[in-house]
Amino acid sequence: MKSFLKRPAFRIAMTHLLSKKRQTIVAMLGVTFGIAIFIFQAGLMTGFQNMFIEQTVNTSANVRIYNDVQVAKKSIYSKTLPDTSQSWVLVRNQKPKDEEPRLKNGYQMMRIIENHPEVIGVSPFVGSQAIFNMGIAQVAGRVAGVDIERENNTFNVEKYMIDGDLKRLVTTPNGVILGEGLAMKLGAATGDIITVSSAKGSALQMRVVGIHKSGVVELDNSRAYINIRNAQKLLQVDGSYITDLNIKLKDINKAKALAADWQKQFGYTAVDWETANANVFSVFKIQNMVTYLIITSILIVSGFGIFNILMMIIYEKMPDIAILKATGFKDKDIRTIFLTESLVIGIFGGLLGLIVGWGLQQIAGSVKMDIRGFVAMEYLKFNTSAGFYAMAYIFGLVATALAGYIPARKAARVDAIDIIRSK
Amino acid sequence: MNSDIILETRAVSKFFRDPVDFQALKDISFKISRGQFVSIVGSSGSGKSTLLYLLSTLDTDYEGEILIDNEPLHEKSKNQLAEIRNEKIGFVFQFHYLLPEFTVLDNVMLPALKLGKYDEDTIRKHAYEKLDLLGLGDQAIKKASKLSGGQQQRAAIARALINNPSIIFGDEPTGNLDSKNAQTVFDIFRELQLAFNQTILVVTHDAQFAGSTDRRITLKDGELLSDEMLK
Ligand SMILES: Nc1ncnc2c1ncn2[C@@H]1O[C@H](COP(=O)(O)OP(=O)(O)OP(=O)(O)O)[C@@H](O)[C@H]1O
Ligand SMILES: [Mg+2]
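Quick mapping for you: the protein sequence lines, in order, are chains A and B. Numbering (this note's numbering) for the first sequence: 1 to 423. Numbering (this note's numbering) for the second sequence: 1 to 231.
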């Protein structure tokens with residue numbers, strides 16, 4: 001490195017840049033702008049996405065096992081035929097059987113899964129649609145019947161309580177913890193009495209013992225935690241009735257494989273967190289595509305700045321190129337000179353871009369926003385990881401090198417005779 | 001094989017195809033020995049510059065053979081030719097081609113830094129020697145663009161000398177100079193020849209300059225019209 005800085009190619013490159021200070025600075029600022037936007041825009045995007053994933057992974061099941069009763073059944077008649085691909089079977093108005101979404105032997109399954117070495121915890125769950133009433137306010141939502149201690153141990157419910165006390169769900173006979181949005185819609189606060197009724201026609205008077213805010217807006221708007229026993233009462237079912245097993249894993253990357261295993265083993269539907277949130281992730285994918293498209297176009301524009309200044313220098317320095325070639329500089333030496341120029345612009349413009357981007361993140365991140373999208377957040381959350389900054393920088397350097405390559409190649413191909421003959 | 005022959009051409013012909021087919025040089029053959037001070041003359045368009053670009057390896061598109069230090073050029077790659085120019089050839093053109101933002105000293109040092117045979121301090125010492133030889137020692141750390149026309153041309157000669165080349169090629173090196181400066185440049189060439197046995201080949205329009213050299217090669221319409229020993 002030190003020897004390169006002393007080499008003629010580097011000194012010539014620096015001299016060229018310094019002889020065009022203003023244009024050099026403009027080209028550098030182009031790169032600065034591109035990298036700063038990269039840091040800001042992609043930082044916002046990935047910061048948000050990482051937060052969503054983190055929240056999803058922490059507060060909901062990594063794998064959820066449930067009984068998917070909506071699976072379309074083959075008609076009984078078609079089962080009697082040896083090969084349905086050879087014939088058509090048409091049964092109109094086939095109604096689904098009145099089948100409860102019950103996990104048979106749910107608690108036994110729970111014990112088996114609990115003993116799996118990859119599993120941190122399993123929480124049994126009774127889920128149902130419900131109507132919440134307080135006075136004239138009526139809101140449709142879902143009750144989540146849980147064993148709150150288990151649920152808390154696996155999904156850290158307590159961390160997301162914004163009011164009341166989790167333990168009172170156990171100590172209060174008919175306690176309920178409302179999601180923040182749900183409570184707001186009902187106008188209910190901790191200590192209030194509300195009515196919860198199920199589709200089966202039974203209703204319970206329940207006392208609000210806490211407010212919960214997971215940050216996932218959709219959940220907070222509709223979910224109420226109640227005791228698993230109360231949920232069973234609402235649904236008029238026995239004490240062994242559960243609809244879901246929510247499983248937390250040591251390594252979330254194994255969720256997909258384990259879900260497939262359990263689905264096979266138990267015959268119930270098992271979905272991993274990625275599949276369950278597939279719609280969100282596909283939105284992320286589009287977001288990312290748009291973001292990187294924008295960033296790429298900005299960097300292309302920055303690249304034009306570099307292209308432009310190099311072409312200017314090359315036209316102006318034709319005689320220099322001619323004499324360097326005549327006195328024994330090779331094509332690749334000439335190319336090195338101009339690639340060096342573009343990289344110097346990229347290295348310094350990019351560094352400044354990292355600093356400016358970081359500054360923008362700090363400023364935007366300190367403004368209170370109260371955003372409600374997929375997740376609720378008070379402040380914008382940015383990706384500030386070193387790896388991300390390194391990626392932005394490398395992206396910038398690659399763009400710079402590409403922008404410099406065409407002029408550099410042109411300079412290397414200059415025919416010395418053409419220049420000398422015309423002077 | 002004669003080790004005293006620095007440059008030799010064997011039936012060299014040059015064709016331009018663009019815009020029309022045109023033969024610029026026809027069967028040029030001669031030999032130049034070490035220490036000769038040779039001039040090439042001829043009317044405008046007779047092919048002098050074209051020949052010089054061929055001899056100095058800048059142009060590689062020709063028929064026939066050219067040998068420098070008894071080595072044929074046509075089998076060399078582009079990079080090898082660049083190395084030959086760097087090590088064995090010094091150029092002095094009508095225009096000085098000094099890099100304007102660099103000092104005179106830096107300009108003179110550049111080809112030696114490229115060659116990389118000596119370390120930078122040694123190269124600087126050599127560069128000062130060449131500049132002293134040309135009476136430019138006191139101008140060394142000036143920007144090249146700040147020198148007078150005659151000084152710039154002398155700096156260009158110092159640059160041509162820095163790697164102790166086998167041969168110096170000049171294409172009208174005095175073309176931009178007044179008669180006094182032209183005489184100075186001629187005297188320098190002569191001194192280099194006498195003191196260091198330097199081989200020099202100069203294309204010129206200046207009849208007096210050409211008449212004072214050892215040997216005068218005359219071109220006419222791309223053909224070698226005459227090759228006279230003057231001394
Ligand atoms: N690149 C080229 N394409 C086509 N023809 C060329 C090219 N270069 C030179 N010529 C022609 O070759 C001939 C010789 O040109 P050259 O430059 O060698 O002449 P010269 O003897 O150096 O003339 P002058 O004394 O004016 O410099 C001229 O007729 C010129 O028009
Ligand atoms: Mg000419």
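Everything labelled a hint here was simulated from the structure, so no lab data went into it. Warning: the hint list may mix true and false statements.
[Claimed, not checked] Heads up, simulated EDC-like pairs for lysine to aspartate or glutamate below, C-alpha to C-alpha not over 20 Å straight-line:
(1) B/Lys26 with B/Asp178
(2) A/Lys410 with B/Asp206
(3) A/Lys423 with B/Asp27
(4) A/Lys332 with B/Asp206
(5) B/Lys76 with A/Asp415
(6) A/Lys330 with B/Glu63
(7) B/Lys76 with B/Glu8
(8) A/Lys6 with B/Asp119
(9) B/Lys88 with A/Asp331
(10) A/Lys20 with B/Glu75
(11) B/Lys78 with A/Glu114
(12) A/Lys254 with A/Asp165
(13) B/Lys78 with A/Asp163
(14) A/Lys213 with A/Asp165
(15) A/Lys332 with B/Glu8
(16) A/Lys21 with A/Asp331
(17) B/Lys76 with A/Asp333
(18) B/Lys88 with A/Asp165
(19) B/Lys78 with A/Asp331
(20) A/Lys213 with A/Asp333
(21) A/Lys213 with A/Asp261
(22) B/Lys78 with A/Glu316
(23) B/Lys146 with B/Asp206
(24) A/Lys423 with B/Glu172
(25) B/Lys76 with A/Glu316
(26) A/Lys330 with B/Glu172
Since we're looking at a predicted model, the values are computed, not measured.
key: Violating hint indices (sorted, rising)   = Structure breaks hints 1, 2, 3, 4, 6, 10, 11, 12, 13, 15, 16, 18, 20, 21, 22, 23, 25 and 26.
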